[in-house]
Amino acid sequence: MNKKLVVLAGGVAAAAIAGYATAAGNWVEISERGNQICIRSNSIPNHATGQFPNRGNPHTIRPQNINVCVTASPTKGSRARGTGPGAIGIALNGVLIRPGTADYWDPTSPRGHSRNRSSGWNLEGMGSAKMLGMDSANAHVDNRGTYHYHGAPIRAVRTQGGTQVGWAADGFEIHYVGSRAKSGYRLKKGTRPSGPGGRYDGRYVEDWVFVGGAGKLDQCNGGTLNGQYVYFATDTFPFYPRCFWGRPSRSFRGL
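Heads up: the sequence shown is residues -23 to -1, 1 to 232, going by mature numbering (1 follows the signal peptide of the UniProt record, and there is no 0).
Heads up, a few of these hints could be off.
[Unchecked claim] Calculated pairs, BS3-like style, for lysine-lysine (alpha carbon to alpha carbon, straight line, at most 30 Å):
#, residue 1, residue 2
1, Lys166, Lys193
2, Lys53, Lys165
3, Lys193, Lys53
4, Lys107, Lys193
5, Lys107, Lys159
6, Lys107, Lys165
7, Lys193, Lys165
8, Lys53, Lys159
9, Lys107, Lys166
10, Lys193, Lys159
Hints in this document: simulated from the structure, not taken from any laboratory.
Model the full structure from these sequences, guided by the hints.
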């Protein structure tokens, strides 16, 4: 049996209408299909965006046809899985969440970075936000016109209410609770031994190291909220989970 759902106060309330639109053109529908939660959207946000194209981002926002499903009963495994540069989840407003980038330090490129991975220094989205043309919602646009988040979408949190901002591809909820959730990562000390050189300043993923500790989130940016394991969107690296404890849905492939 299929049921349309509505997202309320950080949770899912069954058997109510969830499709909605705004003047900005946002449309999203969240439904329950058996043991899955499915999200269809045009990936247009329900809040104002920055100006695109801009100096750091040459692309124009265009409506997309997003159709993904996640398990409603995620299981936490014993080994974390990597995520890659694609979408790791989707926000309640139907906008994709992609904290990673496919760009690497490349001194031969006019921009200083390219898709050539040989340097091993992966550009960190939020650490290079100005260079990549991020707006105040911590988002920008890809070459297909897909608007997507790299950091916590504060505007979306404020318009939706509650603490849940979306779902990860493996079905675990993603929540934003501000400074109450503390990342287990910290900047490395000293200077980079190769590649771009200079002090570790967060511009590259490799500038960060997981140290964990009491009261800190785990390596996938997860922890317990109201007795339930969830991932968190944080104001500092890694901003979103960069690994999964569950099995990610295949519906996110290529997004």
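Hint numbers contradicted by this structure: none
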